[in-house]
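Given the coordinates of chain F, work out where chain A should sit on it, guided by the hints.
Chain order of the listed sequences is F and A. Quick note on my numbering: the first sequence kicks off at 1408 and runs consecutively. Quick note on my numbering: the second sequence kicks off at 1489 and runs consecutively.
Do not take every clue at face value.
[As the list claims (entries may be wrong)] The calculated BS3-like cross-link candidates involving lysine-lysine, where the alpha carbons are at most 25 Å apart (straight line), are:
1. F:K1498 to A:K1684
2. A:K1684 to A:K1669
3. A:K1736 to A:K1612
4. A:K1669 to F:K1554
5. F:K1552 to F:K1535
6. F:K1601 to F:K1591
7. A:K1684 to F:K1554
8. F:K1552 to A:K1684
9. F:K1498 to A:K1669
10. F:K1535 to A:K1684
These aren't lab readings, by the way, just hints derived from the structure by calculation.
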Amino acid sequence: MAVEERSETGRVTRGREVADIRLERVTKRFDDVVAVDDVSLAIERGSFFALLGPSGCGKTTTLRMIGGFEEPTGGAIFLGDADVTGLPPYKRDVNTVFQSYALFPHLSIFENVAFGLRRRGQRGDPLKRRVEEMLELVALPGLGKRKPGQLSGGQQQRVALARALVNSPQVLLLDEPLGALDLKLRKQMQLELKRIQNDVGITFVHVTHDQEEAMTMADQIAVMNAGRIEQLGSPDELYERPRTAFVASFLGASNLLRGRAAGEGVVRLEDGTEVRVPAAALAGRTGPVAVGIRPEKIRLAAGESNMLEGVIAERSYIGVSTQYIAQTGTGSITVYAQNTDHGPSGLAAGDRVTLSWSPESTFVVDALEEERR
Amino acid sequence: MNFFHRHRALVPYLLLLPGLAWLALFFVVPMYYLGYTSLQAGDLFSGYTFAWAWDNYSDAFTLYRGHFIRSLEYAGVATLAAFLISYPLAYWIAFRGGRWKNFLLLLVIAPFFVTYLIRTLAWKTILADQGFVVDALRTLHLVGEDGRLLATTTAVVAGITYNFLPFMALPLYVSLEQIDKRLIEAAQDLYASRVKAFLRVTFPLSLPGVFAGTLLTFIPAAGDFINAELLGTPRQLMIGNVIQSQFKEVANYPQAAALSFVLMAGIVIAVLLYARAVGSERVTAGTAA
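One chain only, chain A, in its complex shape:
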């Protein structure tokens, strides 16, 4: 008691301790260890030792550049697709859902009651060569007689889109639901048609949700490896698959660690660029008529 009275200023820091300890134990220490590993050299039999082995990083850029680019592309396309599907969905639930809102939201997250792996395996069945989707597309001549969906880029991107859709839909719903409906009335009162009112008021006000949703979708999607493995071929391998095989199959830990760091850096840079773009968009949303 006396101690806390005499050192009042310390109390906030003491309260921060558990959080800081958690962060140190589960974030700083693993990051340090990962960084340490990524600069090791050697092989599985004689063991890896620390050697400032920067060539792990240069290899990451030269040998796996294609995988990096593909990962960012797939994640980008899947994020865009998830956004285009989720926005009308979230909009409809927020503005027209009425007393069904909670039930409809439950439906959005219902797939999460089944594990990730099983859900992706189910897509394997859906997209299978003998499945009804391919059948229907063949009948409509949208794919050729021997055309297929499984083991294509489309299948991988569709799988990622599907798996991360709720991460996009929920933040969008929250931001749309918070919008005061009278603001939309006010816009219409001030001669904005429904479309203009949406573009000038509803959409700008939902940007925080768009931002959160894209991050929550893009970041895990860029590091995903399940969809490429189950729904694609070696030609669709993403950087997540490479890291996984370097760790588990080749047991080249330094290389895997370096790849992980590069992926992380890539995502951080992409996110910062995106944040700047969205940020300036929000400032200028009204002046650009």
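Extracted from the complex, chain F is given alone in its bound form:
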């Protein structure tokens, strides 16, 4: 029952400012390749933290450095208050759920889960009870005698989770834990992981390239690209106010329009249209910028203060919504219209249309270096 106790006391003492993991200017170089480039970040105690990015962005290397499987070339890693840089994995109060689970094929499920407890000297009945409790938590009671090879992928995933969680580590690292599962099972496990994290109250650090997975589960997401953190924030912050074009396009779809900053809260697009943006979004930027609008925030009618005239070029019916592509003076704009009324909407290809959206739904990113759509 140690896990439950921990979660309860954890909840009471959990302060927003307590960092469980701190990376200070961490760099990792493999020969000539810089995998992780001067990354600093703090992960709150008890939070579900996601490292999100495309393959090769350095997210897995970052995780492996926290776990102790790679040593940083520069910088320091702290676990709570302790500097763990240079400590081997077995001396860190951190456990990992590996990408391909890495269950010990020669040991039974029970022994796989008991592995860490045995290394720490637990024996007999307490060990047995603890392992069985953990198998119950991951909904696999009674399978202790089987070998990993006799279980399905989803079951192996749960064993890997149990094997790590049974040790009540300070931090649990998950390296693309759901990557090998099919879509339906993945959705189910996402919710279950979230539930388990809530139950045990341990800090989870989750590496994934799946933005939906990160959004569903994480409290905080660090979007990584080319070894650096592009932006760190809650899922809605990242979605509503992405700060870079990379974040805007990696998390969901967005329309990015080139323009120039033209005074307090105003951006002038290439065709001369003036777009109002929240003053904070410009953040003192001058010169070339790009404004972004999520496709579902745009109305196919006048009414909001930002407006563009266009012609419907394409229309596709997706069931829950209809996707339009409109040609405007500043390029093509994608719009998702929710199908709230019965039957297909009135607009068809070739129709003239006024697009409008509110300034609050507009974000600003640095000028686009190249076409990103």
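Just chain A now, with coordinates in the frame of chain F:
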């Protein structure tokens, strides 16, 4: 065509025929003939005839018991030595070899490009009384002034170890190379030190290689006669030497055949006992903490 359609069930057996024929011709028939010979009586001049001569077998146990025991001892010690040398070697190549793996493996089997006899003769030179090895050991006072290596038990066991080393090293390499490196990371992640991770994960997972390697070394080593003949004295003679001389020098074919059968039975029993020991070891590897 019609025949195969009508007798579909026969096809697998027909496909087995070449293999079965090979087995019959080169295994069953010689075994039968050997068994038949081992129960013959007579002598070289009047000829040997079949006579249910079980005393060939009782002689094998009474007259040559020492040779049998010595053979199993030498083979056992040589197998153990080959294992102790090969395991670190195979481990290093599998885990640290990197792009040199194939080249290093080639070096392991390089001696096989020279025939068995020549290799063993080379050891005769290496271990010779005037050779550098004995010289060095004398200088270090590890052997006495008139101490020698050639014509000792050590020389015979060393020769066997050397000659069968690749048979041990290669299966060990294969089993170690197949181990998912992440399993070792997982063990370390779960608080196992490097030594514990090796004992609890790497070594148990390499057991199939250990098993194959010991069999491939022990079985031919137990029947070997070249090393004892070239590197030893009559006091180091193994059962292989006895069988060889019974066949070729004394021409007592029934006795030689009976000895061969006893050796074979001895090896089969030893292997079965070993398989049981390793098998149960693998089942209990994790529970014994």
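> If you draw a straight line from the CA of K1669 of chain A to the CA of K1554 of chain F, is it 25 Å or shorter?
Replying inline: holds, 19 Å
> Can the restraint linking K1552 of chain F and K1684 of chain A be considered satisfied, given a maximum Cα separation of 25 Å?
Replying inline: holds, 23 Å
>> Given the hinted pair K1601 of chain F and K1591 of chain F, is their Cα-Cα distance within 25 Å?
In response: holds, 16 Å
>> For K1498 of chain F and K1669 of chain A, compute the direct alpha-carbon distance and say whether it is at most 25 Å.
In response: holds, 19 Å
> Given the proposed pairing of K1684 of chain A with K1554 of chain F, does the C-alpha separation stay at or below 25 Å?
Replying inline: Measuring from Cα to Cα gives roughly 21 Å; hence the hint holds.
>> Against the 25 Å threshold, does the CA-CA distance of K1736 of chain A and K1612 of chain A hold or violate the hint?
In response: Between K1736 of chain A and K1612 of chain A the Cα gap is close to 24 Å, so the pair holds against 25 Å.
> Would the pair K1552 of chain F and K1535 of chain F pass a check requiring their Cα atoms to be no farther apart than 25 Å?
Replying inline: holds, 12 Å
> Straight-line Cα separation of K1684 of chain A and K1669 of chain A no greater than 25 Å?
Replying inline: holds, 15 Å
> Within a Cα-Cα threshold of 25 Å, do K1535 of chain F and K1684 of chain A meet the stated pairing?
Replying inline: holds, 21 Å
> Between K1498 of chain F and K1684 of chain A, is the straight-line Cα distance small enough, at 25 Å or below?
Replying inline: holds, 13 Å
No hint from the list above goes unmet by this structure.
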